[in-house]
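Spelled out, the chains give:
Protein chains: 2
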Amino acid sequence: MNENGILPPSYAAACGRERAAKLRPPEHQVAGHRASANKMGPLVDGSGLFYKPLQAGDRGEQERAFYEAFSAHAAVPPRIRDAFFPRFHGTRLLPTEARPGEPHPHLVLDDLLAGLQAPSIGAITWPPSSPEPYVAKCLAKDRGTTSVLLGFRVSGVRVLGPGGAVWRPERPELKALDTAGVRRVLRRYVSSVSGEGADCALAAAVYGGEGGVLSQLRELKAWFEEQTLFHFYSASILLGYDANAVSANGVGGGVRVKLVDFAHVAEGDGVIDHNFLGGLCSLIKFISDIVSETPETPPLAP
Amino acid sequence: MNENGILPPSYAAACGRERAAKLRPPEHQVAGHRASANKMGPLVDGSGLFYKPLQAGDRGEQERAFYEAFSAHAAVPPRIRDAFFPRFHGTRLLPTEARPGEPHPHLVLDDLLAGLQAPSIGAITWPPSSPEPYVAKCLAKDRGTTSVLLGFRVSGVRVLGPGGAVWRPERPELKALDTAGVRRVLRRYVSSVSGEGADCALAAAVYGGEGGVLSQLRELKAWFEEQTLFHFYSASILLGYDANAVSANGVGGGVRVKLVDFAHVAEGDGVIDHNFLGGLCSLIKFISDIVSETPETPPLAP
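Sequence lines, in order, name chains A and B. Per my numbering, the first sequence starts with residue 961, numbered consecutively. Per my numbering, the second sequence starts with residue 961, numbered consecutively.
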């Protein structure tokens, strides 16, 4: 292993020299541990790469193994891989503030928010539900959230409003959401007003239309109705759009729908992932209700 | 309450006089308790009605309440109610062999197998998965079956083969099935040979084509993607076809796809039933794989 970790040599050579100067915690993280003096957390390089520290125990190794298997799997349609997953660029040993002198392996992935000037982000997380014994424990934990009832929970939101105002509910607040609360947060995510109001002015542009969240989720769903390769327990969907672009144009706005967090992915063994698919259909229903209730074009300012 | 129980008077008057002579345990039952000298079980009248004893505890009352709510619910599309559910004709007090002198209330439902000369039947059961505390217990119970992994389990099969041969695996055998075993049973269900072989000669006629199991399941799925009225924990889908008709005609054959067993239905409260829908998609995938693998018309006899 060289100073660039176990990254493919050609890639490492191209990027290695610029590395140290640029790495920093991502500005827009909404879920997971943040990097600090005491804790390892993800880093970005500002030119499109995201470095995720390999998690402790089996989880890190399992996530790495998933990325390797998934990246190379002949049965994964390239369109699905490109549209809905971060690209995997191998692993790299990096120094960390938390443990000086002990470089730690990081997964090198696409920075999913690169190119968005004012990213508004949402993270939706799936319950663990494998047939292993730890299910009962996880179920008990999830009973406090909407996971069991809705098939998913909202695990992070960060909305950039007009004038740079940020709406970012705290994690305990998100964990305590009931069904009505989840609906409110999903409406607020596509609203142009600051504070607690929800005009859903961006719903048509972000959720609806060609390339919107809804059409992307439906494409993902069509794959999940067929694919029996992987079961994505505890994975998340990251939603992102560019609050600047979407306000300016009314349509488009760099809408992103990406799967992340694969420490608990299991082999599908010829069976579809009905756990993920059920929650995905549930999320689609919430979002399609919001699109149906709101006008196709944002209302004109009075 | 009169001698006919709480059935609507007009209906009771029309049917009451013929009742006692004709009631008998159904010949083709594949799951649930059978009526005997010691146990109450369902009865049929041979002219299209099925009498299901109200279950003990809350379950009976909950099932009755579901049928009443469902039958009258303005938001249930009539096509869905007619195609996929037994019609509910109220309840009726009936004498039982198990408890002489103590008439017991029965749900009066359509006999879903009426009109099939040689019914081949399958029962597919969904796991309980409500957010109530009994989930963990049920999960443990289900871990012995395919419920957690596949989202459903095969709870009963009875296939009428050529010359009247019957294939009917025992319940412990069905409970022990793994994924490959479920696939084998679903193939055997549409095979014309007797014994353990599976030629899938009836797959195109029973599973495929217009009005086949697959197209009916997909119609049901489309409803489940939208409906937020009910969550069908522990319900079953009853599959039926007429082994005589399907052999004779090659297509058609009275294929039936019906939901039954509603003692654990809960209100949807604006959320889709992702638990049922996920298992339904899983079942659809198994069956569509069998249809894809088999020729459209049954092979000619050599």
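Don't read these hints as lab results, they were simulated from the structure. Here the structure is a predicted model, which is why all the values come from computation and not from measurement. Please note that a few of the clues may not be correct.
Same chains, same names: a pair is fine if it fits in one copy or spans any two.
[Stated by the list, open to error] Think about it this way: if two alpha-carbon atoms lie no more than 35 Å apart in a straight line, the pair counts; the simulated DSBU-like pairs of lysine-lysine are:
no.: 1; residue 1: K1245; residue 2: K999
no.: 2; residue 1: K1245; residue 2: K1181
no.: 3; residue 1: K1218; residue 2: K1181
no.: 4; residue 1: K982; residue 2: K1181
Comparing the hints with the structure gives:
1. In the homo-oligomer, the alpha carbons of K1245 and K999 never lie at most 35 Å apart, since the shortest distance is 38 Å inside one protomer and 44 Å across protomers.
2. For a Cα distance limit of 35 Å, the shortest separation of K1245 from K1181 qualifies both inside one copy, at 12 Å, and across copies, at 13 Å.
3. Taking the shortest Cα distances, K1218 and K1181 sit within 35 Å of each other both inside one copy (13 Å) and across copies (25 Å).
4. In this assembly of identical chains, K982 and K1181 lie within 35 Å of each other by CA distance neither inside one copy nor across copies; the values are 37 Å within and 50 Å between.
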